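Keeping the supplied structure of chain A fixed, place chain B upon it in accordance with the hints.
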Amino acid sequence: MTRLSGKTAFVTGGAGGIGSAICSRFAKEGAQVVAADLTAEEAPSGNISSLRYDVTNEEDAKMAFETLLERWGKLDILVNAAGIEIEKTIEETSLEEWNRIFAVNVTGMFLTSKYALPLLRRSAGASVINFGSYDGFIADPGLTAYCATKGAVHALTRAMACDHGPEGIRVNAICPGYVDTPMLQSFFRDAGDIDSLKQSVRDVHPIRRYGTPDDVANLVNWLASDEARYATGQLWVIDGGLSAQVQQMKL
Amino acid sequence: MARLKGKTAVVTGGRQGIGRAIVEALHAEGAAVMTCGRGARPDELGPSVQWVTADVSAPSSVEALKCAAVEAFGSLDILVNNAGIQIEKTVVESSDADWDAVMGVNAKGVFLVCRAFVPVMQQSASIINIGSISGMTADPAMALYNASKAFVHGLTRSIAVDHGPDIRCNAICPGWIMTDMADAAFAQAQDPAAARRDALKRHPAGRFGTPDDVARLALWLASDDAGFASGQCYTLDGGLTAASPLNPGLF
Numbered sequence: 024m025t026r027l028s029g030k031t032a033f034v035t036g037g038a039g040g041i042g043s044a045i046c047s048r049f050a051k052e053g054a055q056v057v058a059a060d061l062t063a064e065e066a067p068s069g070n071i072s073s074l075r076y077d078v079t080n081e082e083d084a085k086m087a088f089e090t091l092l093e094r095w096g097k098l099d100i101l102v103n104a105a106g107i108e109i110e111k112t113i114e115e116t117s118l119e120e121w122n123r124i125f126a127v128n129v130t131g132m133f134l135t136s137k138y139a140l141p142l143l144r145r146s147a148g149a150s151v152i153n154f155g156s157y158d159g160f161i162a163d164p165g166l167t168a169y170c171a172t173k174g175a176v177h178a179l180t181r182a183m184a185c186d187h188g189p190e191g192i193r194v195n196a197i198c199p200g201y202v203d204t205p206m207l208q209s210f211f212r213d214a215g216d217i218d219s220l221k222q223s224v225r226d227v228h229p230i231r232r233y234g235t236p237d238d239v240a241n242l243v244n245w246l247a248s249d250e251a252r253y254a255t256g257q258l259w260v261i262d263g264g265l266s267a268q269v270q271q272m273k274l
Numbered sequence: 177m178a179r180l181k182g183k184t185a186v187v188t189g190g191r192q193g194i195g196r197a198i199v200e201a202l203h204a205e206g207a208a209v210m211t212c213g214r215g216a217r218p219d220e221l222g223p224s225v226q227w228v229t230a231d232v233s234a235p236s237s238v239e240a241l242k243c244a245a246v247e248a249f250g251s252l253d254i255l256v257n258n259a260g261i262q263i264e265k266t267v268v269e270s271s272d273a274d275w276d277a278v279m280g281v282n283a284k285g286v287f288l289v290c291r292a293f294v295p296v297m298q299q300s301a302s303i304i305n306i307g308s309i310s311g312m313t314a315d316p317a318m319a320l321y322n323a324s325k326a327f328v329h330g331l332t333r334s335i336a337v338d339h340g341p342d343i344r345c346n347a348i349c350p351g352w353i354m355t356d357m358a359d360a361a362f363a364q365a366q367d368p369a370a371a372r373r374d375a376l377k378r379h380p381a382g383r384f385g386t387p388d389d390v391a392r393l394a395l396w397l398a399s400d401d402a403g404f405a406s407g408q409c410y411t412l413d414g415g416l417t418a419a420s421p422l423n424p425g426l427f
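Chain order of the listed sequences is A and B. Count along the first sequence from 1, add 23, and you get the number used in this note's numbering. Count along the second sequence from 1, add 176, and you get the number used in this note's numbering.
These are calculated hints, taken from the structure and not from any lab test. A quick note: this is a predicted structure, and the numbers were derived from the prediction, not measured. It is possible that part of the hints are untrue.
To be verified - Calculated lysine-lysine pairs in the DSSO-like style (CA-CA distance at most 30 Å, straight line): (1) B:377 - A:221; (2) B:265 - B:284; (3) A:51 - A:111; (4) A:221 - A:137; (5) B:377 - A:111; (6) A:85 - A:137; (7) B:284 - A:221; (8) A:111 - A:85; (9) A:51 - A:85.
With the rest of the complex left out, here is chain A (with noise of 0.2 Å):
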């Protein structure tokens, strides 16, 4: 399979638990891969290359960008997948805090789009895939922040849908529910013990099981490619059936 063959990959929070399955998998339908974190690591594939890229610094999306013009002279996909969280309600969060978690969710997303749109023109085809959430639509408790920057990342995607589908780029976002992820134990650590809570978690899905990486990484890689091509401004839950359902009363 090589859906991706001469297409050319940029993926914020690449390092993560989702990021690092799409570049991968983006690697693997033989994409070239920029996988951009805080942390380079030792990239795991001949096709992947790791950056050192902090979403909040404009410096190092103008940097990156310039460099990417330089080597492929083109981007067909970007991935915003960079992502934090903060568990607590409103009277609970500083405004340093709040605005952090805007920096990395919202503008972050901002200022890498900003700079990879003139790379994007110059694809026959390109794809800019955001990372929504299912909170953006309906809220965990106890997640006011991150629910609120998910509300925004639905907007802006469609918002730059609006914008640049006339220059043939497409937006997308993809909203996950539970996902496997370091991510996800954080989010239950107070709950309790994360084995414990595995099967109530589960019976919770109608499909009886939570998300992994792979699973998303399978929407963003059909959405990156151009199979797709008719698909923009749209936000792709992909959650297990979770939100399709009313509150689960035990009856």
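Showing chain B alone in chain A's frame:
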């Protein structure tokens, strides 16, 4: 208060529960109200409320209801499509007779009543359909009911689009309203008291809804205060569907 003085209203399914609460609320605000149901006039219905024995799933019955309303009122300002039934089955368990019963009342009934009454409705008239949160997210083993309510939401938008500006049309999507229907659900639980506590914790409002809660929104939608509200499905559920169904605190 007589916010609806001089207005005329027909409410389907006014025998009990939400329908009855809406009948009483409209009447209390000065509207002339006619309601209907499949059986005989309930004894305790206020003497100035008119009762017609009618089955909304039968075209001849709906025609007779319209004739009675035109004879009594001349024309109509407010129409509330509240009559509805539920059958607790999955798709595979549902028989043809179940389909006819649920879709006959909940879907065809709303269509028949709207088709009959739209031509006799006044300028600045208001149609209020009772949809459900189950029309947007699914309740388990309520397949036909869920689908019938999604139909109501779709028809609501169509009527608003086709018959504005004279007629406004909106739907109310109630969550858990304490009626005999909801009581029966708790009674079936293994531990009814625990089930009730669990269900309450899933409501940010800290309580279930009452028929009067729904009646108050119906009253607003019927009034000229809602003059710019049309084509919408308004959720009224104490915050239930704003929260994720996966709440680690309730495991």
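Quiz prompt | Violating hint indices (sorted, rising) | solution = The structure breaks hints 3, 4, 7 and 8; every other hint is satisfied.
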